[in-house]
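Q: Here's the letter readout for the chains.
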Amino acid sequence: MKNERMTILRHEKVARDTHLLVLEGKLVQEIADPGQFVHVRIDGFYLRRPISIADYNLENSTVTLIYKVMGDGTKALTRSQVGDRLDVLGPGGQGFPTTSIYSDHALIIGGGIGVPPLYSTAKNLKENGLAVTSILGFRSREDAFLLDEFRALGEVHVTTEDGSLGKSGRVTDALSDVREDYQLYLSCGPTVMLKAVADQHPDTPGYLSMEERMGCGIGACFACVVESNDEKGYKRICCDGPVFKSGEVVLS
Amino acid sequence: MNLSVNLPGLTLKNPVMPASGCFAFGKEFAQFYDLASLGAVIMKAATKERRFGNGTPRVAETSSGMLNAIGLQNPGVESIISDEIPFLRNHNLPIIANVAGSTVEEYGEVAEQISSHVDAIELNISCPNVKEGGVQFGTDPLLAKEVIRYVVEVSTVPVYVKLSPNVTDIVGMALAAEEAGASGLSMINTLTGMRIDPKTRKPVIANGTGGLSGAAIKPISIRMIHQVYQAVTIPIIGMGGIETAEDVLEYLLAGASAVAIGSANFKNPFICKEVIEDLPATLSRYGFSSVEQAIGGANDEKVETSVLRP
Chain L
1 MKNERMTILR HEKVARDTHL LVLEGKLVQE IADPGQFVHV RIDGFYLRRP ISIADYNLEN
61 STVTLIYKVM GDGTKALTRS QVGDRLDVLG PGGQGFPTTS IYSDHALIIG GGIGVPPLYS
121 TAKNLKENGL AVTSILGFRS REDAFLLDEF RALGEVHVTT EDGSLGKSGR VTDALSDVRE
181 DYQLYLSCGP TVMLKAVADQ HPDTPGYLSM EERMGCGIGA CFACVVESND EKGYKRICCD
241 GPVFKSGEVV LS
Chain E
1 MNLSVNLPGL TLKNPVMPAS GCFAFGKEFA QFYDLASLGA VIMKAATKER RFGNGTPRVA
61 ETSSGMLNAI GLQNPGVESI ISDEIPFLRN HNLPIIANVA GSTVEEYGEV AEQISSHVDA
121 IELNISCPNV KEGGVQFGTD PLLAKEVIRY VVEVSTVPVY VKLSPNVTDI VGMALAAEEA
181 GASGLSMINT LTGMRIDPKT RKPVIANGTG GLSGAAIKPI SIRMIHQVYQ AVTIPIIGMG
241 GIETAEDVLE YLLAGASAVA IGSANFKNPF ICKEVIEDLP ATLSRYGFSS VEQAIGGAND
301 EKVETSVLRP
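Chains L and E are the protein sequences, given in the same order. Under my numbering, the first residue of the first sequence is numbered 1, with each subsequent residue one higher. Under my numbering, the first residue of the second sequence is numbered 1, with each subsequent residue one higher.
One thing to keep in mind: the hints can contain errors.
Covered by chain L, according to a simulated footprint, are these stretches of chain E (three or more residues, beta-carbon under 8 Å) [said to hold, decoys possible]:
no.: 1; region: 64-72
no.: 2; region: 151-164
no.: 3; region: 266-272
Beta-carbon label-pair distances, calculated as ranges [as the list claims (entries may be wrong)]:
no.: 4; chain 1: E; residue 1: I220; chain 2: L; residue 2: E59; range: 49 to 59 Å
no.: 5; chain 1: E; residue 1: Q31; chain 2: L; residue 2: D148; range: 52 to 62 Å
no.: 6; chain 1: L; residue 1: K13; chain 2: E; residue 2: D300; range: 52 to 62 Å
no.: 7; chain 1: E; residue 1: D83; chain 2: L; residue 2: R141; range: 50 to 60 Å
no.: 8; chain 1: L; residue 1: S103; chain 2: E; residue 2: I220; range: 30 to 40 Å
Incomplete in silico selection of chain L near chain E, CB under 8 Å [said to hold, decoys possible]:
no.: 9; residue: L20
no.: 10; residue: R85
no.: 11; residue: Y102
no.: 12; residue: R213
In case anyone wonders, no lab produced these hints; they're calculated from the structure. Here a beta-carbon is modelled for each residue, glycine too, at the ideal position from N, C-alpha and C.
Kindly produce the complete structure, drawing on both the sequences and the hints.
A: Laid out in structure tokens, this is it:
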């Protein structure tokens, strides 16, 4: 993990309250797996903001983040401009182990701002020869993003809560539309969604990426703890996760 | 520049240490710098049995600070002794164990078990985030005396009592600790606070209340240390919102003999190392040639001349 002032190469709005940020810096070389995150410091705000890595390019040393404006901190982040430098700590956590997944067909299930880390995940899986089917859920049409990028990787099913795009409902409502031969699923989104997804897949192996308010982002403060089924009884989302095997943690 | 400070049980090469609960047991920060550069380390609180802690969210940002309600999550004293202390011992620095509990007996058991493995104990009678014990011992001088006496008796190392700022008479609490046999004080723990989310109409933190820390609380801590320094003869480890070497100097002048850095470790994992590196130049800029010279300087001046004063 490194702490670096990364340069902003691109910063643009991609959906309602949703912004894409491309940063350049050396810490990109330390990214081991898709699904890891960076911890971004925003001037005037006391705590860093954990933002998942949507994509990265080792050759250009760039990383793409897609974040949602959730409060004053992320709102202030939208005002940073191309050429500015951002104080970034990362890469943090354990991502999706795409290089050790041996399968023919993987199902990607992303909800809202849980979609971004699944993009480089899906890309890596496709490069490794897997067929990738994606279910992407958003609140409504204005909130949707990365659809074309995911379509370039395979079949995509979109759901919106208000029915303004794709199927009306939640991501789990689209499961019946997917060819059933997928051997594993990879999911990121709110915990209630992850629980619904895991409950629908009692016998299919899966990886779940969780989000939580963080303090340090390096495992020291115990703010982002989730109950686990092992002897230790807990996992720290920032460093033991954010990606866990389904069944590893207690989703409630 | 002489940065060293000698306190009961602690020979510090510099007066800066990470505060309890903000540094776990050091492993996570060892990837960023050599822990041997620290004056000492105060470990995360130890209780008798392992504790899971509170529900999430456990933290919330505030203006110039943060609220936390972790709930003393820790693996229990035995595991800390066998799995955590050996790692810190390898870094050759004084170790202070933060001891917590729900009953006088539990405090005593933990202190007795851990004291032979560390250099000093920080008795945590001020955690605002647990239902039993914790701050109730830290807000009542009689209860405080009882637990302090017992822990001092069973410990083989000096006991520093961590005071809660959630009291009307901090001097009274400090005197009670001194009378009960404390070798030093640690000031201050967090202030109880709350944030409410207008969307949910509920507190942001799952526990409801949390402990306020960070730059926002520094003036309160400085004031309390300034008051207590005049009333007691035992040394004070000061903490609350330290982010720079100037902050450290402010604490020394108020009456702290050493300082701990807490929440700032979260936004800058290098903060302790950076502050230690900046300290010599900062002390000399204000006319000091050692840390010792600055201690209590706002109460009774030890250095007669300084270029910066009229």
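Q: Does R85/L meet its interface restraint, that is, does its C-beta lie within less than 8 Å of any C-beta in chain E?
A: violated, 15 Å
Q: Next item in the hint list is Y102/L. Is there a CB on chain E closer than 8 Å to its CB?
A: violated, 31 Å
Q: Should the hint that I220/E and E59/L are 49 to 59 Å apart at their CB atoms be regarded as holding?
A: holds, 51 Å
Q: Count the residues of the region 266-272 of chain E whose Cβ falls closer than 8 Å to any Cβ of chain L, and tell me whether that reaches three.
A: Check passed, 5 qualifying residues.
Q: With a cut-off of 8 Å on the beta carbons, see whether L20/L makes it to chain E.
A: violated, 24 Å
Q: Note whether the CB distance of K13/L and D300/E lies within 52 to 62 Å or breaks it.
A: holds, 59 Å
Q: Can you tell me if the region 64-72 of chain E counts as covered by chain L, using C-beta to C-beta distances under 8 Å and a minimum of three residues?
A: Holds, because 5 residues of the region 64-72 of chain E bring their Cβ atoms closer than 8 Å to Cβ atoms of chain L.
Q: Tell me if chain L covers the region 151-164 of chain E under the three-residue, 8 Å CB rule, please?
A: With 0 residues in contact (Cβ-Cβ under 8 Å with chain L), the coverage given for the region 151-164 of chain E is violated.
Q: Kindly confirm whether 30 to 40 Å is satisfied by the beta carbon distance between S103/L and I220/E.
A: violated, 57 Å
Q: Note whether the CB distance of Q31/E and D148/L lies within 52 to 62 Å or breaks it.
A: The hinted range 52 to 62 Å is violated for Q31/E and D148/L, with Cβ atoms some 39 Å apart.
Q: Could you tell me whether the CB distance from D83/E to R141/L stays inside 50 to 60 Å?
A: holds, 52 Å
Q: Going by Cβ atoms only, is R213/L closer than 8 Å to chain E?
A: Holds, about 4 Å.
Violation of the numbered hints given earlier is confined to hints 2, 5, 8, 9, 10, 11; the remaining hints are satisfied by the structure.
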